[in-house]
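Next come the chains, spelled out residue by residue.
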Amino acid sequence: MKFFRPVLGLAMTFAVALAPAAQAQDEVELLPDNLLNLKSTEMTEPGKFKKDGPYRIGISFPGVGNTWIVQMHQEAEFEAANNPQVKEFLFSEANWQPAKQVADIEDLLTRDLDALVVTPIAFQLVKKQIDAALATGIPVITFGNSKGALDTTVEIMGAGDYFGEVGGTFLKEKLGGKGTIWAFRGVAGVEEESQRYEGFRRAIDGTDIVIGAEVYGDWNYAKSKQLCENLVLSGQPVDGIWFSGAEMTRACIDVFTSVGKPLVPMTGEGNNGFLKTWKESGVEAVSPVFTPGLGVAVVRAAVALLEGKSLHKTYFSAPEPMTNADIDSYYRPDLNDAFWVPSTLPEEELQKLFKR
Amino acid sequence: MIGRLFSRTSRSGIGIITIALPLSMFVILSFTASSFFTAQNLGNVGNQITALLIVSLGQLIVAISGGVDLSVGSMLSLTSAIIVTFDPAIVVPLAIAAGCVLGTVNGIGVAIFGVHPLVMTLATATFVQGLTLLVSPVPGGVVAPAIEALAHGRLFGLQPSLFWCAGAILLCWLLLSRSAFGLRLYALGANPRNASLNGVKVVGPIITCYVLCSLSAVAAGIFLTARVSTGDPTIGAAFGLDSITAIALGGVQLSGGVGSVPGVILGVVTLGLATNGMNLLGVSPFLRMAATGLLLLGAVSLQRRKTIGV
Numbered sequence: 001m002k003f004f005r006p007v008l009g010l011a012m013t014f015a016v017a018l019a020p021a022a023q024a025q026d027e028v029e030l031l032p033d034n035l036l037n038l039k040s041t042e043m044t045e046p047g048k049f050k051k052d053g054p055y056r057i058g059i060s061f062p063g064v065g066n067t068w069i070v071q072m073h074q075e076a077e078f079e080a081a082n083n084p085q086v087k088e089f090l091f092s093e094a095n096w097q098p099a100k101q102v103a104d105i106e107d108l109l110t111r112d113l114d115a116l117v118v119t120p121i122a123f124q125l126v127k128k129q130i131d132a133a134l135a136t137g138i139p140v141i142t143f144g145n146s147k148g149a150l151d152t153t154v155e156i157m158g159a160g161d162y163f164g165e166v167g168g169t170f171l172k173e174k175l176g177g178k179g180t181i182w183a184f185r186g187v188a189g190v191e192e193e194s195q196r197y198e199g200f201r202r203a204i205d206g207t208d209i210v211i212g213a214e215v216y217g218d219w220n221y222a223k224s225k226q227l228c229e230n231l232v233l234s235g236q237p238v239d240g241i242w243f244s245g246a247e248m249t250r251a252c253i254d255v256f257t258s259v260g261k262p263l264v265p266m267t268g269e270g271n272n273g274f275l276k277t278w279k280e281s282g283v284e285a286v287s288p289v290f291t292p293g294l295g296v297a298v299v300r301a302a303v304a305l306l307e308g309k310s311l312h313k314t315y316f317s318a319p320e321p322m323t324n325a326d327i328d329s330y331y332r333p334d335l336n337d338a339f340w341v342p343s344t345l346p347e348e349e350l351q352k353l354f355k356r
Numbered sequence: 001m002i003g004r005l006f007s008r009t010s011r012s013g014i015g016i017i018t019i020a021l022p023l024s025m026f027v028i029l030s031f032t033a034s035s036f037f038t039a040q041n042l043g044n045v046g047n048q049i050t051a052l053l054i055v056s057l058g059q060l061i062v063a064i065s066g067g068v069d070l071s072v073g074s075m076l077s078l079t080s081a082i083i084v085t086f087d088p089a090i091v092v093p094l095a096i097a098a099g100c101v102l103g104t105v106n107g108i109g110v111a112i113f114g115v116h117p118l119v120m121t122l123a124t125a126t127f128v129q130g131l132t133l134l135v136s137p138v139p140g141g142v143v144a145p146a147i148e149a150l151a152h153g154r155l156f157g158l159q160p161s162l163f164w165c166a167g168a169i170l171l172c173w174l175l176l177s178r179s180a181f182g183l184r185l186y187a188l189g190a191n192p193r194n195a196s197l198n199g200v201k202v203v204g205p206i207i208t209c210y211v212l213c214s215l216s217a218v219a220a221g222i223f224l225t226a227r228v229s230t231g232d233p234t235i236g237a238a239f240g241l242d243s244i245t246a247i248a249l250g251g252v253q254l255s256g257g258v259g260s261v262p263g264v265i266l267g268v269v270t271l272g273l274a275t276n277g278m279n280l281l282g283v284s285p286f287l288r289m290a291a292t293g294l295l296l297l298g299a300v301s302l303q304r305r306k307t308i309g310v
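Chains as they are written, first to last, in this note's numbering: chain A, 1 to 356; chain B, 1 to 310.
Simulated from the structure, these hints should not be mistaken for laboratory data. Hints are not guaranteed to be accurate.
To be verified - Sample of chain A residues at the chain B side, in silico, Cβ under 8 Å: (1) Asp107; (2) Lys128; (3) Ala188.
Even glycine gets a Cβ: it sits at the ideal position worked out from N, Cα and C.
Build the full structure now, drawing on both the sequences and the hints.
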């Protein structure tokens with residue numbers, strides 16, 4: 001299993017144990033085990049945050065600038081609306097402005113919350129506000145991988161390092177350990193982005209692969225298309241491209257196709273638009289799975305803590321990536337390009353929100 | 001005094017809308033958001049608008065001269081990066097020196113080489129943002145306790161942000177309303193040619209405006225970094241446009257010659273209340289940006305454009 005090593009490396013990094021054997025009998029399922037597959041052995045204290053429902057849950061998110069975030073928000077809203085234990089679900093977004101995220105958390109804390117969920121733009125940045133929230137006695141869930149920077153009640157996230165490492169390992173194998181790679185990064189200064197990039201760099205360390213160009217596409221189709229056009233037209237050599245997100249991969253495949261340049265191995269993500277392009281273009285690719293269902297997991301975690309249940313301290317999502325052989329089992333031709341897999345939404349809701 | 005403020009020949013730019021907007025928002029939020037009129041929330045709003053107020057006052061000085069400074073956000077971010085990267089003993093002088101250099105470059109570009117302020121400051125903003133990411137590529141770092149104390153704790157039982165606001169307001173008001181420099185600036189902004197023909201020097205005051213504006217970004221950067229207790233290379237990204245939005249809401253005319261400190265305070269409070277109110281009311285994140293845009297469009301459209309000195 002070629003992707004086992006990165007998973008194992010990540011598991012060791014966080015000092016966690018692969019879960020099933022250690023699971024308690026009354027394990028709370030936040031998402032199916034194959035999606036939240038890395039869990040710490042350390043558990044939260046049962047009953048510590050127990051109180052009568054229904055609850056008011058607040059979430060501070062960095063911004064809503066791409067389709068993954070929009071779907072994650074829709075899935076979390078759907079879960080909250082259909083959970084009788086949630087009376088109010090307050091979602092604030094900081095438009096990627098660090099100072100606004102600090103203000104958002106302060107504002108949320110005046111709303112008499114029962115639980116707070118924070119996806120920090122940067123972990124150190126919101127530490128004071130999170131400490132203040134914890135001091136009031138409410139559970140705080142980090143929707144991110146703080147690597148010890150925050151001491152919140154629970155942490156839940158896709159494993160950023162693993163995401164980057166899957167792509168890096170794929171390119172290393174495809175290129176036979178030598179060649180020139182372009183790296184398309186996300187939004188500069190965002191922790192999740194840095195972790196993905198670190199994972200990628202770690203995978204190609206010690207090889208003869210060089211990074212010929214490194215740009216920030218902001219996880220955005222339009223910006224990445226411009227950047228890729230510039231790189232292609234500049235005639236720079238390229239043997240493979242690593243992407244921090246699939247909106248950027250889709251943009252680059254479109255550029256290569258429009259100028260008639262042969263496609264090189266690329267890394268993607270579980271986005272339906274990318275899957276469609278992947279299938280049609282036949283590009284050799286790998287796609288780490290980053291489910292928007294993580295938004296549902298944080299809502300379920302908040303409710304579980306308030307109901308007095310015990311959770312693992314950390315949950316990370318590092319499922320097996322998709323390869324060319326898996327496209328048909330994930331691709332949904334009846335849904336539009338903004339749809340991300342795998343989703344927790346029922347079929348009826350998917351048809352309502354994403355019908356092509 | 002009040003009559004003079006609203007008169008057709010007033011250079012304050014303050015109109016009915018400038019005052020009515022924050023006032024009505026305050027009243028509406030007091031009734032609709034149960035947690036709005038609490039000491040904790042009002043204290044939060046005070047803390048949240050301080051950095052924007054300081055930068056907007058700097059932007060006001062440039063706007064009165066007929067210019068605009070888009071590089072304030074990058075300067076604020078650079079200050080944050082400097083504070084967590086270098087020896088605590090030199091970070092404040094270093095940030096001030098960087099602010100002086102940036103302001104001088106902007107001023108020389110605009111006043112001597114005749115580059116349009118938008119182009120000049122956009123270019124320097126891009127350069128400084130890149131430099132900031134080189135100094136500190138990712139968020140983090142430790143803020144020296146002496147600097148952290150500038151935004152935390154209590155002085156005479158009051159939040160430090162109040163003293164920052166009061167200091168910035170007082171300095172700006174003295175400069176614009178009680179000094180010859182301020183008088184010259186209004187004349188230059190209203191009609192630079194007329195002012196020049198009447199013996200008002202152009203180059204020096206314009207360069208000074210940009211230096212003061214950059215220094216306001218340095219001050220805001222120090223406060224903001226102290227407030228969040230860590231550095232962030234993108235912390236100021238939104239301040240360029242936000243400060244222009246705030247002064248526009250405050251009746252400042254971007255073509256120059258019209259604007260006042262009270263107007264900027266009202267503009268900043270309007271923006272602060274809008275953000276706070278939408279958080280408290282749980283407005284959908286997708287509606288927020290549209291609502292803020294509509295607010296600006298409405299406020300600016302309803303303000304009459306003034307022509308001074310014609």
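So, going through the hints one by one against the coordinates:
{"no.": "1", "hint": "Asp107", "verdict": "4 Å, holds"}
{"no.": "2", "hint": "Lys128", "verdict": "6 Å, holds"}
{"no.": "3", "hint": "Ala188", "verdict": "6 Å, holds"}
In this structure, every one of the numbered hints holds.
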